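As you go down the protein sequences, you meet chains A and B in turn. Using the numbering used here, the first residue of the first sequence is number 1, and each one after it goes up by one. Using the numbering used here, the first residue of the second sequence is number 1, and each one after it goes up by one.
To be clear, the hints were calculated from the coordinates, so they are not data collected in a lab. None of the values given here were measured: they were computed from a predicted structure. In this text, a Cβ means the ideal position worked out from N, Cα and C, and glycines have one as well. Heads up, some of the hints might be wrong.
Okay, derived cross-link-like pairs now, BS3-like style, lysine-lysine, Cα gap no bigger than 30 Å in a straight line [to be verified]:
#1 A:K311 x B:K225
#2 B:K241 x A:K280
#3 B:K227 x A:K219
#4 A:K195 x B:K20
#5 A:K311 x B:K145
#6 A:K300 x B:K203
#7 A:K139 x B:K203
#8 A:K139 x B:K196
#9 A:K300 x B:K241
#10 B:K196 x B:K107
#11 B:K247 x A:K211
#12 B:K50 x B:K236
#13 B:K145 x A:K211
#14 B:K196 x A:K211
#15 A:K300 x B:K231
#16 B:K241 x A:K211
#17 B:K225 x A:K26
#18 A:K311 x B:K107
If you want the footprint, here are the derived chain A segments under chain B, 3+ residues with CB under 8 Å [said to hold, decoys possible]:
#19 152-165
#20 212-218
Listed below are the residues making up each chain.
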Amino acid sequence: MTILVIAEHDHGTLKVATRNTVAAAKQIGSEIHVLVAGNNCGAAAKAAAQIEGVAKVLHSDAPQLGEFLAENVSALVVSIAKRYSHILAPATSNGKDVTPRIAALLDAQQISEIIAVESPDTFVRPIYAGNALATVQSKDAIKVITVRITGFDAVAASGGSAVLETLVAPPDSGLSAFISREVSKSERPELTAAKIVVSGGRGMGSGENFKILEPLADKLNAAMGASRAAVDAGFVPNDWQVGQTGKIVAPDLYVAVGISGAIQHLAGMKDSRVIVAINKDEEAPIFSVADYGIVGDLFKVVPQLVEELKK
Amino acid sequence: MKALVSIKRVIDYNVKVRVKSDGTGVETANVKMSMNPFDEIAVEEAMRLKEAGVVTEVLVVSCGVAACQETLRTALAIGADRAILVESDVALQPLAVAKLLKAVCQKENPQLVILGKQAIDDDSNQTGQMLAALLNWPQATFASKVQVADGKAQVTREVDGGLETVSLKLPAIITTDLRLNEPRYVTLPNIMKAKKKPLENLKPDALGVDVAPRVSILRVVDPPKRKAGVKVPDAKALVEKLRNEAKVI
């Protein structure tokens with residue numbers, strides 16, 4: 001039983017999500033390989049070889065892999081799939097894009113966003129926005145799985161000494177081409193990896209008003225997030241969205257400001273260790289999941305909170 | 001060019017789902033069912049492409065039980081030209097749906113297939129990508145903007161770090177994200193008109209597809225409940241709790 005983990009990286013650095021996925025793989029079996037596919041991604045491949053518990057790193061470097069186009073990455077994975085009993089990828093936007101394509105090419109019914117491993121063929125995954133947990137068993141010869149990274153604590157980044165093997169990529173599919181990318185620039189921690197997240201909702205009233213959350217996020221070294229309502233209203237960019245169809249986060253501390261707590265938002269943050277809610281509506285559903293709540297005007301409470309944190 | 005849109009009948013997004021006491025699934029008896037919200041966005045996008053003169057015909061397809069006809073009628077009321085129900089009483093999993101849609105695509109030859117990025121019941125997020133794989137067509141998932149011209153679709157995608165734009169050779173698969181468009185309301189005259197639009201019924205056998213589930217659901221349970229916490233009077237009290245009780249800052 002050998003397990004392939006598809007690494008998440010930006011060529012230069014390996015994303016933590018890779019180590020969360022290796023953690024899930026370790027619960028399935030012992031022989032773990034990591035695939036690092038990209039263009040000039042040698043540094044990420046070297047980092048992958050250091051991960052605790054990884055036996056082999058497959059490093060595939062080619063221009064047509066540079067933008068992680070699903071057509072090209074899936075062809076690469078399928079070319080080596082027969083060596084594996086399980087293929088795992090983190091449920092990031094890249095993982096969600098490419099993994100079902102791999103599964104279909106292998107005639108496998110993918111299991112999406114597992115949060116627990118019961119046995120090598122049985123897994124737990126949330127359904128209905130996390131309002132139910134399903135335990136499912138796969139009958140497929142090769143099990144193709146995406147891993148919800150909040151479900152597994154990352155293994156150590158060092159301590160391993162995996163063998164590095166070079167893998168030749170199939171040619172460009174010619175079906176799709178990368179045009180451009182608009183990356184949201186931020187000095188803050190990444191939303192899905194941050195220890196503390198400060199999120200704003202519709203109650204913020206405008207994009208401009210999100211500025212009052214910045215000193216709070218600065219003080220806490222927090223990532224900033226938002227509810228779907230705030231993103232739909234155009235207050236903040238789409239990649240800030242926390243929820244069923246946005247990002248799933250589980251920080252040590254989640255501060256929900258002006259967020260009512262719609263089911264689909266709770267689905268994205270209710271596994272946080274400690275939840276704080278600040279809302280003027282004391283009936284808001286967010287208070288039903290919050291450990292600490294303040295009923296009040298966020299425009300007064302947030303600056304006070306920043307002052308208190310300075311003390 | 002023809003656009004095909006795949007739609008799924010799901011428990012309405014406003015319904016609070018309840019896990020059945022025997023652990024076999026969630027309660028669906030006497031529960032309001034609707035079109036999956038992402039699929040509504042997919043139908044709307046196809047209609048906008050038709051109104052822009054890019055698409056000439058919008059075909060909607062649903063795979064599932066006979067009652068999916070109602071969902072197809074809703075899509076016809078939004079403006080789709082005709083509908084196909086691939087009827088099956090088997091609980092269809094994404095790979096089976098992708099195989100059924102592949103068979104329909106081979107009969108109908110659409111140049112563009114638009115699907116919701118995920119269904120809000122099983123939250124799988126697979127069918128579009130799987131269909132693209134089976135047809136060997138390009139894919140653009142999580143679309144927030146679509147432009148079609150000169151045999152290509154240029155699609156802006158919502159990704160973890162922001163936005164990404166790709167160009168696909170047609171025929172191609174697109175899956176919709178929330179901010180692609182805002183679906184129109186269905187009007188009564190259009191509901192009446194939709195009743196007269198053609199709705200064809202196909203069976204998986206006739207399409208040569210084995211739809212037997214590949215993953216068995218062993219049990220479905222409630223998630224662990226979070227206890228509601230306490231209200232604190234002010235910022236000072238909150239900081240004190242976070243420092244000394246929760247010890248998170």
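Numbered hints the structure breaks, given as an ascending list: Per hint list: 1, 4, 5, 6, 8, 12, 14, 18, 19 and 20 violated.
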